[in-house]
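**Q** Given the coordinates of chain A, assemble chain B onto it according to the supplied hints.
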Amino acid sequence: RKEVEQDPGPFNVPEGATVAFNCTYSNSASQSFFWYRQDCRKEPKLLMSVYSSGNEDGRFTAQLNRASQYISLLIRDSKLSDSATYLCVVNIVGNEKLTFGTGTRLTIIP
Amino acid sequence: EAQVTQNPRYLITVTGKKLTVTCSQNMNHEYMSWYRQDPGLGLRQIYYSMNVEVTDKGDVPEGYKVSRKEKRNFPLILESPSPNQTSLYFCASSLYGQGAYEQYFGPGTRLTVT
Numbered sequence: 001r002k003e004v005e006q007d008p009g010p011f012n013v014p015e016g017a018t019v020a021f022n023c024t025y026s027n028s029a030s031q032s033f034f035w036y037r038q039d040c041r042k043e044p045k046l047l048m049s050v051y052s053s054g055n056e057d058g059r060f061t062a063q064l065n066r067a068s069q070y071i072s073l074l075i076r077d078s079k080l081s082d083s084a085t086y087l088c089v090v091n092i093v094g095n096e097k098l099t100f101g102t103g104t105r106l107t108i109i110p
Numbered sequence: 001e002a003q004v005t006q007n008p009r010y011l012i013t014v015t016g017k018k019l020t021v022t023c024s025q026n027m028n029h030e031y032m033s034w035y036r037q038d039p040g041l042g043l044r045q046i047y048y049s050m051n052v053e054v055t056d057k058g059d060v061p062e063g064y065k066v067s068r069k070e071k072r073n074f075p076l077i078l079e080s081p082s083p084n085q086t087s088l089y090f091c092a093s094s095l096y097g098q099g100a101y102e103q104y105f106g107p108g109t110r111l112t113v114t
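So the protein sequences, as listed, match chains A and B. Heads up: the first sequence begins at 1 in the numbering used here, then just goes up one per residue. Heads up: the second sequence begins at 1 in the numbering used here, then just goes up one per residue.
The following block holds chain A by itself, in its conformation from the complex:
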């Protein structure tokens, strides 16, 4: 089983819609969680960290479910500029390594 698993998509979503992705992780010692965004042929950039209580940044909401070992990303009122690949990233306590999921590709359709 992969350490971090994501549905690769693609998700094709009309502009203005709400879309959600999940990401599951296998190691219960995971302690830090992030969503990174990667545009085509570009470098990944931090979208948001994921906190235990859940957190929101504008149209984006991230949630963590430790019991079921998954994190989620919700995008409301999607924009054309949200089209990208979204990477789930996990860090295990005491480990200097980040583990990246393979990404979920999102395309917003006008």
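Derived by calculation from the structure, the hints in this document are not laboratory data. Fair warning: there could be bad hints in the mix.
As the list claims (entries may be wrong) - 30 Å max Cα-Cα, derived DSSO-like pairs, lysine-lysine:
hint: 1; chain 1: B; residue 1: K65; chain 2: A; residue 2: K2
hint: 2; chain 1: A; residue 1: K97; chain 2: B; residue 2: K69
hint: 3; chain 1: B; residue 1: K57; chain 2: A; residue 2: K42
hint: 4; chain 1: A; residue 1: K42; chain 2: B; residue 2: K17
hint: 5; chain 1: A; residue 1: K2; chain 2: B; residue 2: K57
Claimed, not checked - Computed beta-carbon distance windows for the label pairs:
hint: 6; chain 1: B; residue 1: N51; chain 2: A; residue 2: G16; range: 28 to 38 Å
hint: 7; chain 1: A; residue 1: R59; chain 2: B; residue 2: L41; range: 26 to 36 Å
hint: 8; chain 1: B; residue 1: K17; chain 2: A; residue 2: R59; range: 42 to 52 Å
hint: 9; chain 1: B; residue 1: T5; chain 2: A; residue 2: S49; range: 18 to 28 Å
hint: 10; chain 1: B; residue 1: V52; chain 2: A; residue 2: R59; range: 32 to 42 Å
hint: 11; chain 1: B; residue 1: V14; chain 2: A; residue 2: Q69; range: 39 to 49 Å
hint: 12; chain 1: A; residue 1: N22; chain 2: B; residue 2: I77; range: 12 to 22 Å
hint: 13; chain 1: B; residue 1: R9; chain 2: A; residue 2: P8; range: 25 to 35 Å
hint: 14; chain 1: A; residue 1: S49; chain 2: B; residue 2: N51; range: 18 to 28 Å
hint: 15; chain 1: B; residue 1: R44; chain 2: A; residue 2: S49; range: 14 to 24 Å
hint: 16; chain 1: A; residue 1: N65; chain 2: B; residue 2: I77; range: 38 to 48 Å
hint: 17; chain 1: B; residue 1: V54; chain 2: A; residue 2: A17; range: 43 to 53 Å
Claimed, not checked - Which residues of chain B face chain A? A partial, calculated answer using Cβ under 7 Å:
hint: 18; residue: G42
hint: 19; residue: L43
hint: 20; residue: P75
hint: 21; residue: F90
hint: 22; residue: F105
hint: 23; residue: P107
Cβ coordinates follow ideal geometry from the N, Cα and C atoms, glycine included.
**A** This is chain B only, laid out in the frame that chain A set:
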């Protein structure tokens, strides 16, 4: 402007010809690392460095070398490149060791080994 730079951005080379990909950051970050990204496999860490003169293997270190003689630079060396090292390479840095700190990535180096 705070950034991570990599050079070259694109490189086509032949099997066995030694090459170096440079990486430099101007944010005084202690932690630097190299990743490769391949379709269906995602980003995998090659090597990382917690600080000057401190380096350690990541998940896929075979065939690569690194050095950290200065805080700002972290070059990736392929002593004898092989076609299975054809990939997209990213250098990244963060203030301290990974965990809670944001990773800043360079623009990537697309390497083709024939």
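**Q** Could you run down the list of hints and mark each one as holding or not?
**A** Structure-based check of all given hints:
{"no.": "1", "hint": "K65(B) <-> K2(A)", "verdict": "holds, 26 Å"}
{"no.": "2", "hint": "K97(A) <-> K69(B)", "verdict": "holds, 21 Å"}
{"no.": "3", "hint": "K57(B) <-> K42(A)", "verdict": "holds, 25 Å"}
{"no.": "4", "hint": "K42(A) <-> K17(B)", "verdict": "holds, 27 Å"}
{"no.": "5", "hint": "K2(A) <-> K57(B)", "verdict": "holds, 20 Å"}
{"no.": "6", "hint": "N51(B) <-> G16(A): 28 to 38 Å", "verdict": "violated, 47 Å"}
{"no.": "7", "hint": "R59(A) <-> L41(B): 26 to 36 Å", "verdict": "holds, 30 Å"}
{"no.": "8", "hint": "K17(B) <-> R59(A): 42 to 52 Å", "verdict": "holds, 48 Å"}
{"no.": "9", "hint": "T5(B) <-> S49(A): 18 to 28 Å", "verdict": "holds, 25 Å"}
{"no.": "10", "hint": "V52(B) <-> R59(A): 32 to 42 Å", "verdict": "holds, 41 Å"}
{"no.": "11", "hint": "V14(B) <-> Q69(A): 39 to 49 Å", "verdict": "holds, 45 Å"}
{"no.": "12", "hint": "N22(A) <-> I77(B): 12 to 22 Å", "verdict": "violated, 39 Å"}
{"no.": "13", "hint": "R9(B) <-> P8(A): 25 to 35 Å", "verdict": "holds, 26 Å"}
{"no.": "14", "hint": "S49(A) <-> N51(B): 18 to 28 Å", "verdict": "holds, 23 Å"}
{"no.": "15", "hint": "R44(B) <-> S49(A): 14 to 24 Å", "verdict": "holds, 22 Å"}
{"no.": "16", "hint": "N65(A) <-> I77(B): 38 to 48 Å", "verdict": "holds, 42 Å"}
{"no.": "17", "hint": "V54(B) <-> A17(A): 43 to 53 Å", "verdict": "holds, 47 Å"}
{"no.": "18", "hint": "G42", "verdict": "holds, 4 Å"}
{"no.": "19", "hint": "L43", "verdict": "holds, 4 Å"}
{"no.": "20", "hint": "P75", "verdict": "violated, 18 Å"}
{"no.": "21", "hint": "F90", "verdict": "holds, 6 Å"}
{"no.": "22", "hint": "F105", "verdict": "holds, 4 Å"}
{"no.": "23", "hint": "P107", "verdict": "holds, 6 Å"}
Consistency note: the structure conflicts with the earlier hints numbered 6, 12 and 20.
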